[in-house]
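First to last, the sequence lines map onto chains A and B. If you read the first sequence in the working numbering, its first letter stands for residue 283, the second for the next number, and so on. If you read the second sequence in the working numbering, its first letter stands for residue 283, the second for the next number, and so on.
Hints listed in this document are in silico derivations from the structure and should not be mistaken for laboratory results. Each hint can be trusted.
One copy or two, either will do: identical chains are not told apart, so a pair holds if it fits within one copy or between any two.
Result set (SDA-like, lysine to any residue): computed pairs, CA atoms no more than 25 angstroms apart in a straight line: (1) K294 to M283; (2) K341 to H446; (3) K323 to F371; (4) K439 to S366; (5) K439 to V419; (6) K323 to P436; (7) K323 to D433; (8) K351 to G322; (9) K306 to F440.
All of these numbers come straight from a predicted model, not from anything done at the bench.
Number of protein chains: 2
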Amino acid sequence: MNETLKNILARKSINTFSDKPISKENLELLLKAGMAAPSGKDIRPWRFIVVTDKETLAKTSVALSATEKIKGNVAAIVVCGDSSESERFWTFDCSLAAENIMLAAQSAGIGSHWISIRPNEERINNIKGLFSFPGSVEPLCAIVLGYPEQDITPKDKFDSNNIHWEKW
Amino acid sequence: MNETLKNILARKSINTFSDKPISKENLELLLKAGMAAPSGKDIRPWRFIVVTDKETLAKTSVALSATEKIKGNVAAIVVCGDSSESERFWTFDCSLAAENIMLAAQSAGIGSHWISIRPNEERINNIKGLFSFPGSVEPLCAIVLGYPEQDITPKDKFDSNNIHWEKW
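Could you put together the complete structure from these sequences and hints?
Printed below as a string of structure tokens:
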């Protein structure tokens with residue numbers, strides 16, 4: 283099995299992180315990976331807010347009601363889309379970018395966790411308010427990041443019942 | 283740069299494929315990668331219809347108005363979600379699974395292209411009719427697959443204007 287497949291199968295959502303910071307170089311690599319995703323009509327409507335400031339991280343965690351669930355993330359990337367550029371496809375495009383970010387993180391030994399924002403109206407409004415979003419930009423999710431400080435054994439989620447060959 | 287990052291950056295959507303078939307073993311690896319994605323509340327609402335039969339591939343292409351755009355794909359995976367299991371998150375979950383499938387394909391030298399179904403009502407109804415979907419299952423996209431028969435040089439889509447450090 284090649285390294286890409288191993289990395290995809292090894293990724294697990296992480297809740298508890300050490301206090302080791304993530305270098306700016308690594309954060310930029312994650313964003314580069316995110317922007318390498320495909321997008322509808324190649325519009326690339328994604329935007330990213332990168333947070334490493336401790337106070338802003340704490341406010342973000344409160345805005346997402348994630349203070350109980352997530353412990354110690356040293357960075358967060360709020361994945362957003364400009365809905366005016368691609369109203370029909372931005373949520374899909376940004377999801378693909380987010381998966382690239384999480385896989386790139388895994389490949390660098392960095393743990394991640396998708397915290398949903400959309401379609402929760404309260405979280406959407408909290409995040410828009412916290413970061414003073416421009417009009418047509420919408421948040422999709424926040425990816426919290428850090429070096430894992432927990433068991434990182436992945437689940438085996440393969441289920442042949444989900445596969446339909448040639449017909450339903 | 284590690285193999286995962288190289289693979290993410292090397293992926294490009296492919297339109298023109300050779301007639302070389304994809305082994306069932308490889309298709310299963312792609313699906314295994316798809317099901318390794320994270321999902322909201324770990325519900326895993328994804329379902330996959332795998333098509334390799336030529337007649338069904340042709341009908342799928344017509345259903346998606348893709349006969350002009352895509353030439354010669356030897357397989358397609360229709361990525362669907364059971365909306366009754368995860369009404370709020372299935373489109374995101376299935377997008378993440380789809381990106382895993384496309385990245386796994388790239389790692390095996392297989393080209394892919396996301397053909398959108400949602401939110402196009404005509405395509406949704408065509409695909410539901412063609413495959414006789416059960417009630418609460420919804421199609422998201424079709425990933426067409428094959429060995430590339432075209433230039434596979436990827437675009438560099440990195441754009442620092444999309445990145446906002448610490449605040450918008």
